[in-house]
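Enquirer: Sequences and hints are given; from them, build the entire structure.
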Amino acid sequence: MSRIVIFGAGGRAGRQAVAEAARRGHEVTAVVRDPAKHRAPDGVELVAGDVTDANSVASLVKDQDAVISAAAVYGAGTDPQAFFTSSGRALAASGAARVIVVGLSSLAPDAAGRPLKDAPGFPAEFRPFIAAHAAGLDLLRASDLDWLYVSPAGDFDHEGDRTGSYRVAAAGDPEARVSYADFAIALVDEASNPQHRRQHLLITGA
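Each step along the sequence shown adds one to the number in this note's numbering, with nothing skipped, and position 90 is 91.
Just so you know, these hints were derived from the structure itself, not from any lab.
A hint or two may mislead.
Heads up, simulated EDC-like pairs for lysine to aspartate or glutamate below, C-alpha to C-alpha not over 20 Å straight-line [said to hold, decoys possible]:
1) K63 x D51
2) K118 x E176
3) K118 x D174
Expert: Written out as structure tokens, the structure is:
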């Protein structure tokens with residue numbers, strides 16, 4: 002079994018990744034800002050940590066087989082640019098054996114090779130958040146890490162259940178959907194038995 006630390010364990014993708022890893026019997030450390038506000042499955046260690054703090058990250062990833070970062074900020078009162086660049090630097094400098102970051106499909110190319118974010122009519126209000134994600138991804142690309150950037154091929158099926166399967170998509174597709182639970186299967190698969198490295202991996206429902 003693998004030792005996996007999961008940042009952003011209180012969010013929708015993070016909670017499902019924790020549940021999936023625990024279901025398989027992995028040794029899981031779930032990282033949140035305030036453990037008093039969260040619960041974790043039996044056998045999971047719930048700890049305080051900050052993915053934007055290099056010292057916190059380095060301490061938590063030591064001796065772990067893989068790191069999953071599902072942490073993000075969005076909306077009023079947040080600074081995504083600062084968050085994703087700080088977390089990217091902290092992860093890049095962590096010395097982690099393997100880093101898997103939950104990302105955005107909008108940075109992936111469609112079947113014609115055009116990034117989804119450049120499609121006509123793409124909402125302008127999302128562009129600062131996308132640019133922040135892209136800056137964090139650039140830091141991973143510039144690092145020596147064994148990293149993987151994983152996103153839905155299109156979007157999450159927010160009400161979808163766990164089917165137990167998923168597919169790797171060849172290109173971004175705005176209509177593609179995958180449940181958080183099935184997406185978590187892909188995250189834990191790549192954490193425990195890596196098949197893809199140093200690329201943007203697109204996941205969709207089976």
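Enquirer: Look at each hint and say if it fits the structure.
Expert: Cross-check of the supplied hints:
At roughly 15 Å between alpha-carbon atoms, K63 and D51 fall within 20 Å of each other, so this suggested pair holds. At most 20 Å may separate the alpha-carbon atoms for a hinted pair to count; K118 and E176 meet this at roughly 14 Å. Of the supplied pair hints, the one linking K118 and D174 holds, its CA atoms being roughly 11 Å apart against a limit of 20 Å.
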